[in-house]
Amino acid sequence: MQVHLLISRAGGQAGNSPAREYVLETRQLTIGRDSLQDLQLSDPQVKPQHAVIRPHAGRLRIERCTHGRVRVNGVWRSVAILVEGDTIQIGATTIVVRRARRGASVQLEVIESPAASEAELPALYALSLRETGISARFWSWLLVLGVIAVFLIPALAASMYPPARPVLRSNALVPSDRLWQSGPLHPSHQFIGGNCNACHLAPFQRVGDAQCTACHKNVQHHVDVHTADVALFKQNRCGDCHVEHERPSVLIQRDSRLCTDCHGHLKELKPNTELARVTDFGSDHPDFRPTMLERAGSSAPAQWQAVRAPRGVRAEEHSNLIFSHAEHLKPKGVKSPNGYEVLKCQDCHQPNAGGRQMQPLRMEAHCARCHSLLFDEHDPSTAVPHGDLKRVFDTLQGHFIRTYLDSPSPPDQRAASAARRPGGEAEVMTRDQQRRARDWADRQSLLIARELLEKRVCVECHRVTSVPAATGFEQWRVEPVRITQDWMPLANFSHASHATSACTTCHAKAAASKTSADVLMPSIRDCRECHGGSTDTGKLASDCGMCHTFHLPGRGLFETGLQHTKQHR
Amino acid sequence: MRRTSWLWPVLAPLRFDESGIGPKLMHESFINYRNHRYGVFAVALCLGAVVTSLIDSRREPQNGGTWLGYTLGSIAALLICYLALYGVRRRSFKSPAGSAAGWLSAHVYLGVAVLCIATLHCGFQFGWNVHTSAFVLMLLVSISGCWGVYVYARYPGLMIRQRGNSSRETLLEQLSTLDRRARLLVSALDERLQSYVEEAIRRTHLGGGVWAQLRGRDRSTILIPDALRGPPFARIVSNEGQHVLIQRLAQEHAGAHEASFAAKLQDLLEVASEKAVLVGKLQKDIQLQGLLQFWLYCHLPLCFGLLAALVIHVLAVFLYR
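So the protein sequences, as listed, match chains A and B. Quick note: the first sequence uses my numbering, first residue 4, plus one each step. Quick note: the second sequence uses my numbering, first residue 99, plus one each step.
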């Protein structure tokens, strides 16, 4: 666009500012009072960028810029098409459109007001921030309303007005009460998604235990829910220990204070407690009391019950097994079918599939290779079975009846002629002959049984008692054996996580133990070699939760406990 | 500022001088008010919070929801409310509540302390939520406040020095005197030069919008005849530092044969150069004054945004407990 400008001063008097005339080649003619405008009007009433004249669809059009006021032919306009002869008024200046034909240069006659063009610089330019119209109040309101619009209204709507929830919570880019989350949900709770009200039922109320037990139905209580002890927990919520929206997300608080708040002075809370005071594993924790199996009564299928070793007394196991670790761990080895063999712990104690505990010991798997059950050492077919005394006797009887029948001359010499005729066919035994054979076999079996049960094989490992006033095979009884498998049934101990240590690091007394009554469990001092208190920096800091669990088996469902708690209130 | 003060290493880089609110070193300023009373209090508060957090973090991870988290959060919220009250105190000149210098001193020191307390309160847990937004706003308010302290310490003296001990009004007065002289000098010369000088004067630019003021560039232009097509075709070009005018005058001067003409041009050149320096000074003055005020245009809106976010933060925490 070519713009021909004829600029003159109103009143016709040239004065010290003569009429000027110039032609600009420009895409649009900018009008305003600052120096960057094509047509600069030195008039304080005119805005720095006031208006623009530009070609529009083949015609000439004037558009006002922000806040600029333009009067075309005496009418205030924001946009106007210009034709020849139009008069534009901007501030005190009048612009007459002399020529606005297509293809030709635009000719504008600018008549400046004499007063306006003498304005000084401070009147024309903003020389301080205040003059620019910048307003701290405006930006404050904008920011406050912006914060409310993003962080309050959508969140409140999602919180209080359920119909708005699907819209607000469906899209991650739409603000909702998701913006109130102080941290992410734990990965195991991610499936709840953005539905805050799944747990937060009512405003200003803490998440209740019922919201937890709705899913965690089988969670057991810490104490027997049918006792008054439940009342001790009436102040506690699931959320006290299981804190959500944490970063990093740890759903199980490891803070020992959660336990020692009570166990540090349990006597005050429960005077008849048998539990000792605990405040810290490293400095204030009682020694372990292993749990062992003890025979309850002497009834015929043996009944065993788990009993904790009494405090302050050296624990003894009564498994009815006769066993010496010292004997089996002799440095020169033990006698085996292959000569002397040095045994290692692992030869008998092997971890179970999970690696946490050891597999149960079995005679057939762990002992039988060396401890043969042959009653005739020269005949490998003469082994008695293990485990059932009646089958032992049956085996012996069967063996001796076979021996009797198979021998060319009966062992019982008195019946020799009657039993067989040389060269003759096998004859049918008479009842008398049968009784004789059986008597002989019984006598032989009883002899061997006495040897096995009282002298040689069984008694090496088993306690054999005699039944008073009984005869024959009834006179012996092998006391049942039950070796304790889990010495600390409630502890989270795993052999697998301690596999880097040698067995004897903790079970050091094994090599010197001569009797099966010895309990070879390590003491707390052995643990403290590596495990320190919860704030120990020199050792592995160990809080309560490392070995103990809060929800104990067999205490009753947590929900039941909650009902009890309410009754106690 | 007394060198004996134990806060010297921290405050020395601020280099307070004899002007503006960064007052004379020997006098009591908001920095050394009552021998750094509030500074000592703020440092003690921060140290106490840090030590307590260090001790507590050994037992449980830091979080806004622990007893320490709630305590630190309450302290930080009360501090923020107190800091915001400074805006009220500033407007009431006859307030009975302590001296203005004392309030400003407390405002500055506790404003820095709240950074430390709130950071410990949040336990360094950040996310895309209202809680972190409140923290970020607090950070920005605090940073803009620190910027304000620096600006008040540094710029008033700088402004006086660069204006050469005269006021802005004097400089503007000088500028119009120079313009009048230029017009007078050029009136005796030919029309082309007259229009050159006139256009340079008309299109001298000072200040402008917020960005133009803070940037401080001389945006003066000049309308000159189009060199290719000749008059009446014209172009508008930048006349930063009056360089187009000076160049043109210098050319004329080089080609001048008449002594009196050359002398007039010489005078005009001097006037133009003086004006260039003067415009530069004014532009710099406007820039420094803009910077002196601009931090507050950030500080105040951010402060109100923070108050809104803080209220929502507290509401959200207790609404969804």
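Calculated directly from the structure, the hints in this document are not laboratory data. Be a bit skeptical, because a hint or two may be false.
As the list claims (entries may be wrong) - Facing chain B, according to a computed beta carbon distance under 8 Å, are these residues of chain A, among others:
#1 Glu24
#2 Ser38
#3 Pro51
#4 Ile137
#5 Val150
#6 Tyr164
#7 Trp183
#8 His189
#9 His192
#10 Gln193
#11 Phe194
#12 Leu204
#13 Pro206
#14 Arg209
What the hints assert, rightly or not - Pulled from the structure, derived: some chain B residues nowhere near chain A, Cβ distances all over 12 Å:
#15 Ala199
#16 Gly221
#17 Gly353
Predicted model only: the values in this text are computed from it and were never measured. Think of the CB as a built atom: it goes at the ideal place given N, C-alpha and C, for glycine as much as any other residue.
Hints, one by one, checked against the model:
1. Glu24: 5 Å, holds
2. Ser38: With Cβ-Cβ at 4 Å, under 8 Å, it holds.
3. Pro51: Holds. Min distance 7 Å.
4. Ile137: Holds: closest Cβ of chain B sits about 5 Å from Ile137(A), inside 8 Å.
5. Val150: 4 Å, holds
6. Tyr164: 14 Å, violated
7. Trp183: With a minimum Cβ separation of about 4 Å from chain B (threshold 8 Å), the hint on Trp183(A) holds.
8. His189: Hint on His189(A): violated, closest Cβ of chain B at ~14 Å, above 8 Å.
9. His192: Because about 14 Å separates His192(A) from the closest Cβ in chain B, which is outside the 8 Å limit, the hint is violated.
10. Gln193: 15 Å, violated
11. Phe194: 19 Å, violated
12. Leu204: 10 Å, violated
13. Pro206: Constraint on Pro206(A) satisfied, holds at 5 Å.
14. Arg209: Holds: closest Cβ of chain B sits about 5 Å from Arg209(A), inside 8 Å.
15. Ala199: Holds, since 23 Å exceeds 12 Å.
16. Gly221: 8 Å, violated
17. Gly353: 24 Å, holds
Of the numbered hints given earlier, the model fails hints 6, 8, 9, 10, 11, 12, 16; all others are met.
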